[in-house]
Amino acid sequence: MAEEEAKPLTYIPEVILKKRKSKDNKEELANLRRNQLQLGKFGSKKKKLDHFKRPEQFVQEFRAKELDLIRLKQRAKRPKSKLRTPQSKLLFIVRIQGKNDMHPKTRKILYNLRLRRIFDAVFAKVNEGVLEKLQMVEPYVTYGYPNLKNVKELIYKKGYAMIDKQRVPLTDNNVIEQALGNHGIICIEDIVHEIANVGPHFREVIRFLGPFSLNKPEEGLEGKRQAYKEGGDSGNREDQINDLISKMN
Numbered sequence: 001m002a003e004e005e006a007k008p009l010t011y012i013p014e015v016i017l018k019k020r021k022s023k024d025n026k027e028e029l030a031n032l033r034r035n036q037l038q039l040g041k042f043g044s045k046k047k048k049l050d051h052f053k054r055p056e057q058f059v060q061e062f063r064a065k066e067l068d069l070i071r072l073k074q075r076a077k078r079p080k081s082k083l084r085t086p087q088s089k090l091l092f093i094v095r096i097q098g099k100n101d102m103h104p105k106t107r108k109i110l111y112n113l114r115l116r117r118i119f120d121a122v123f124a125k126v127n128e129g130v131l132e133k134l135q136m137v138e139p140y141v142t143y144g145y146p147n148l149k150n151v152k153e154l155i156y157k158k159g160y161a162m163i164d165k166q167r168v169p170l171t172d173n174n175v176i177e178q179a180l181g182n183h184g185i186i187c188i189e190d191i192v193h194e195i196a197n198v199g200p201h202f203r204e205v206i207r208f209l210g211p212f213s214l215n216k217p218e219e220g221l222e223g224k225r226q227a228y229k230e231g232g233d234s235g236n237r238e239d240q241i242n243d244l245i246s247k248m249n
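Residues in the sequence shown are numbered consecutively from 1, following full-length UniProt numbering.
The set of hints was computed from the structure by calculation and includes no laboratory data. Backbone N, C-alpha and C define an ideal beta-carbon position, used for all residues, glycine too. Treat the hints with care, since some could be wrong.
[As the list claims (entries may be wrong)] Using C-beta positions, here's what the derived DEER-type ranges look like:
id: 1; residue 1: Ala227; residue 2: Arg117; range: 41 to 47 Å
id: 2; residue 1: Asn112; residue 2: Glu230; range: 22 to 28 Å
id: 3; residue 1: Glu132; residue 2: Glu230; range: 18 to 24 Å
id: 4; residue 1: Lys125; residue 2: Asn182; range: 17 to 23 Å
id: 5; residue 1: Ser213; residue 2: Val126; range: 21 to 27 Å
id: 6; residue 1: Ala30; residue 2: Gln166; range: 44 to 50 Å
id: 7; residue 1: Ala30; residue 2: Asp164; range: 48 to 54 Å
id: 8; residue 1: Asn112; residue 2: Asn197; range: 21 to 27 Å
id: 9; residue 1: Tyr111; residue 2: Asp172; range: 26 to 32 Å
id: 10; residue 1: Val126; residue 2: Glu218; range: 18 to 24 Å
id: 11; residue 1: Lys99; residue 2: Lys247; range: 20 to 26 Å
id: 12; residue 1: Met162; residue 2: Ala30; range: 52 to 58 Å
[As the list claims (entries may be wrong)] BS3-like, lysine-lysine: derived pairs with alpha carbons at most 27 Å apart:
id: 13; residue 1: Lys149; residue 2: Lys89
id: 14; residue 1: Lys152; residue 2: Lys165
id: 15; residue 1: Lys165; residue 2: Lys99
id: 16; residue 1: Lys152; residue 2: Lys247
From just these sequences and the hints, can you work out the full model?
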């Protein structure tokens with residue numbers, strides 16, 4: 001039987017091939033986008049599920065806040081704290097607790113002390129108002145009497161000014177003089193002197209400075225809620241606050 005004659009190859013113009021390739025690419029891209037959207041929706045749903053709180057969690061948080069309010073009222077009834085050392089005009093206060101189970105009244109007092117975040121710290125002049133606030137929020141803070149060395153190192157290493165709600169480093173004496181020159185304070189050493197000695201313009205200097213953002217101590221703070229005098233971390237450390245400052249500065 002005679003071999004069949006080979007059929008000639010059909011010629012397809014290059015333009016048509018390019019169109020087919022382009023169409024295939026578009027289909028692949030559309031499929032890829034469709035898959036990405038599906039994955040995105042799944043991830044979004046999973047994320048929402050991850051953040052979903054069970055009813056018992058809400059109950060637990062509510063009870064914790066109510067318990068904090070009870071503690072707050074109990075602390076308010078206690079006799080006023082008494083600072084026993086002669087060098088008690090100046091305090092350094094450090095916030096050591098977060099806010100997950102905190103009552104709004106407790107948070108308001110901490111904000112009033114300018115301690116908005118954990119490990120924020122401020123200098124304060126000892127007076128009845130400050131002592132009352134510390135007594136109310138004692139489980140969330142630790143405090144004591146800083147020495148001159150730590151006052152100076154804190155201001156030089158972590159000090160900054162708050163100008164128009166912006167943090168400004170204390171690297172330019174002109175900034176200090178412009179803000180506090182009317183009070184005879186024109187440089188960073190004047191700020192150190194005014195704070196360490198709780199001078200007549202202490203309040204103006206403290207308003208000029210922002211809260212200090214300290215580092216978390218390497219060994220952590222295990223007994224945050226327990227008083228320092230009972231082996232914990234909160235409350236009055238008196239002169240021992242200087243050891244903590246050295247670890248967190």
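Going through the hints against the structure:
1. Ala227 - Arg117: 41 to 47 Å: violated, 22 Å
2. Asn112 - Glu230: 22 to 28 Å: For glutamate 230 against asparagine 112, whose Cβ atoms are near 27 Å apart, the range 22 to 28 Å holds.
3. Glu132 - Glu230: 18 to 24 Å: holds, 22 Å
4. Lys125 - Asn182: 17 to 23 Å: holds, 20 Å
5. Ser213 - Val126: 21 to 27 Å: holds, 23 Å
6. Ala30 - Gln166: 44 to 50 Å: holds, 48 Å
7. Ala30 - Asp164: 48 to 54 Å: About 51 Å separates the Cβ atoms of alanine 30 and aspartate 164, which means 48 to 54 Å holds.
8. Asn112 - Asn197: 21 to 27 Å: holds, 25 Å
9. Tyr111 - Asp172: 26 to 32 Å: For aspartate 172 against tyrosine 111, whose Cβ atoms are near 29 Å apart, the range 26 to 32 Å holds.
10. Val126 - Glu218: 18 to 24 Å: Given about 30 Å between the Cβ atoms, the range is violated.
11. Lys99 - Lys247: 20 to 26 Å: holds, 23 Å
12. Met162 - Ala30: 52 to 58 Å: For alanine 30 against methionine 162, whose Cβ atoms are near 53 Å apart, the range 52 to 58 Å holds.
13. Lys149 - Lys89: holds, 16 Å
14. Lys152 - Lys165: holds, 24 Å
15. Lys165 - Lys99: holds, 24 Å
16. Lys152 - Lys247: holds, 15 Å
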